[in-house]
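Each protein sequence line maps, in turn, to chains A and B.
Residues in the first sequence are numbered from 1078 upward in steps of one, following my numbering.
Residues in the second sequence are numbered from 613 upward in steps of one, following my numbering.
Simulated from the structure, these hints should not be mistaken for laboratory data.
Don't take each hint at face value.
Covered stretches of chain B (chain A as the covering partner; in silico rule of three or more C-beta atoms under 8 angstroms from a C-beta of chain A) [claimed, not checked]:
hint, region
1, 637-643
2, 661-672
3, 735-748
4, 780-790
Every residue gets a Cβ at the ideal spot worked out from N, C-alpha and C, and that includes glycine.
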Amino acid sequence: MEITTKELKRVHLVTLKGRIDHEAARELEQTLMQLIDAGYYRLVIDMSEVNYISSAGLRVLLAARKAVRRWNRGDMCLAGLQPLIRGTFDLVGFDQIFDIYDDVVDAVGSF
Amino acid sequence: MRQCRHPGLSVPDDKPVQLTVPARTEYLAQIAAFIDDFVNQLNLTDREKYAVRLAVDEAATNIILHAYGPDLQGSITVTCSQRNGDLVITLHDHGRPFDPDAVPPPDIHAPLEQRPEGGLGLYFMRQLMDKVQFEFDPQAGNTLTMIRHRQLIRAAPSRYAEDIFVVECRGRLDAAVAGHLEAELRVLLGENHSRIVVDFGQVHYIGSSGLRVLLVAGKVARAKGGDVKLCCLVPQVLKVFRLAGFDLIFDIFSDERQAVTSFRSGATP
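Isolated chain B, as found in the complex (with noise of 0.2 angstroms):
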C-alpha cells in the first residue's frame, strides 16, 4: 500500500499511540481527551470524529462495568493508530471475557413502553465501525480491535512518481466531504505540488459541491502549470461527470499509472 510521506499531512502509519488507565468509570474523561487528540490530528469529518469518539467510550463503559464489573480491578490500554487510511483502534484488558454474540440487538423499532434500555452500547460500536473484533485469551486478555474505513484519504506521492500526488476518496462525495477535499487540494497546491491525480475508485456518489472543489482545483494547479487528473471512476460517478460537461475539463484515465504517466508523456485519454 502507498505511504504517507507528505509531512504534515498525516499521522504516519506506523506511529501508534497509547494509553493505560485504571478500568474505573472516573477515567473515561481520560480516555475521551486521548481519542479527541488522536483523531483532531486528523482530517476527518466531524461525523467520523463523532464515530470515533462514541464507539470507543462505548467500548471502555463495557469494559469497566462488565469484563471488570465491581468485583475485578485492573487497567484499559487504549492503542489508536492509521493503517493505510484505516483508523485502527484497540482496546485491551484482562477482565472477564464475554460472547458479543449473546448480546442481542436492540429492537430499534419497538415502542417507548417495550424499549429494551440496555445492548445500545455494543449497537452503536457495530454501527459506528466497519469492523469490531474480539478476541479473548486467558493469558494475554481481552482485546477489541476497531476499525473505521475513512471517508477521504489524504494525498500520498504516487507509486509511480514521487512528483505527483494522488489524492484518494472514498464514499459519498457530498457537501461535508467535499469540503475536506477542497482542505487537502489546497494544501497540495499552497506547497506547488500542481501535479495532482485524484483517485475516484472508492467513491460511488459526487454532488454538484464536490464537483465546483475538482473544477476550482483544475484551475489553480495549471495556472501553476500543472493539472488535476482523475482516474478510476466508477459507471454512475462518470456518468455525472459527463452530464456535467467535466469529461471535456478533465483528463480522466482508468487508472492511476496512465494518469500519471500522462504527465510526463503528455498523452490523453
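Just chain A, same shape as in the assembly (with noise of 0.2 angstroms):
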C-alpha cells in the first residue's frame, strides 16, 4: 500500500493506493493519528485506487472516524470506493456509519 497526505484549503486529503491488509493497516493508522495529533482533524481519505480491504483496515478507520469527531472538532468521510470494497463495507454496515462520496471533488466539497 502507498499513503500520500495533501493539505487543501479545507481539509487533508489521504491518498490510499494497493492492498490494505494487516501490515498495511498498522501504516495506515500511524499516518492518521499521526494527522489527527498534529490538530488535523478534517480528513478525506481517497480510496478509488485501494482494491482491497480487510478488517485491520476498517477497524483503523472505525476509530479514526470516532477520534476526529470526539468534541465536534471534526469529520472524516471516504471517496471513490471500487464495488467490491464497497460490498466489504456494506457487509458490516460500514456503509451506515461513514459518509461515502462517489469522487474526491464531492467529498472536499462536503466540509
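Hints given; two lone chains; assemble the complex.
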C-alpha cells in the first residue's frame, strides 16, 4: 500500500493505493493518528485506488473517524470506493456509519 | 459426483495445493499471493475471488495474532482444493485453541460511537464462506475448514454419455454470472463440443442477460450440428423461460438423463 497526504484549503486529503491488509493497516493507523495528533481533524480518504481492505483496515478507519469527531472538532469521509470494497463495507454495515462519496471533489466539497 | 475430465478447463478435484509459512504477519502477503494463484486458475466471478481472498486473510491474521500471539511461534499450512465444484480451504496451526462461539457477532447496526472495533474478521469469514468449521486437537493441532459453493460450475462430460457436456449452474444467473456462463459455453463450442446440456437445478433466478447467452449458444451449437438443451428448471425459472417464449426455442427436460438421451433418440420433452 502507498499513502500520500496533501493539505488542501479546508481538509487534509489522504490518498491510499493498493492493498490494505493487517500490515498496511498499521501503517495507515500511524499516518492518521499523526495527522490527528497534529491537529488535523478534517480528513478525506481517497480510496479509489484501493483494491483490497481487510477488517484490520476497517478497524483503523472506524477508530480514526471516532477520533476526529470527538468534541465535534471535525469529521472524516471516504471517496471513490471500488464496487468490491463497497460490498465489504455494506456487509458489516459500514455504509451506515461513514459518509461515502463517489469522488474526491464531492467529498472535499462536503466540508 | 461428476469428475471434471475436460482438459484445461479446471483444476482437477484430486490435486490440492499447499503452502506452509511461519506464523508471522509479514508472511500474510505470501499467503495472499498463494490464494491469488489458486483463485485465478478458476473461472470464478470477481466477487467470489474477493470473498475467498478476504476470508483466508482474516483467518490467517487471527491465527497469527491470537492462536500464536506474541508468545508462541509456529507455522500455518494453507491447503486449497476443489471438491465437487466447491472451493475447500483449510488452515492448519499448532497455536492455542479458541472457542469460536465465544466471539459475539459484531453489532453491524450500532451507531458510530458505539461500534465495536473487533470481531469483524470472524464475521467476514462466516458471511463470505458457506461453511466455516473449527477443529481443535491437542496433538494434531487446529484445523479450520472453509468451504464456498461456487455460483457457476464448470462443464464436465455427462455421466450418461462422454461426448455430451453438462454445464451445471448455481445461484443467481444475473449479468455478472451470465458472462461466466458465456465464457464456459464459448470454450466448449470452440472445441467443437456442440452437444450441451445446461443443468439449471441450482438456479433460482435468471435475468435477461442469462437468456441472451443461451440464445446465442443455442444458435452456434445448432450451426455446428449440435444443440443446447436445458434440464432441471425450478418452477420460477421455468416460468421466466415460458414468458420469454424460450420453451419454443429450447428442449427442456426434467432431468439430465432425459436431456442426454434425447441427443441420441431425437426424443422431445
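Which hint numbers doesn't this structure obey?
-> 4
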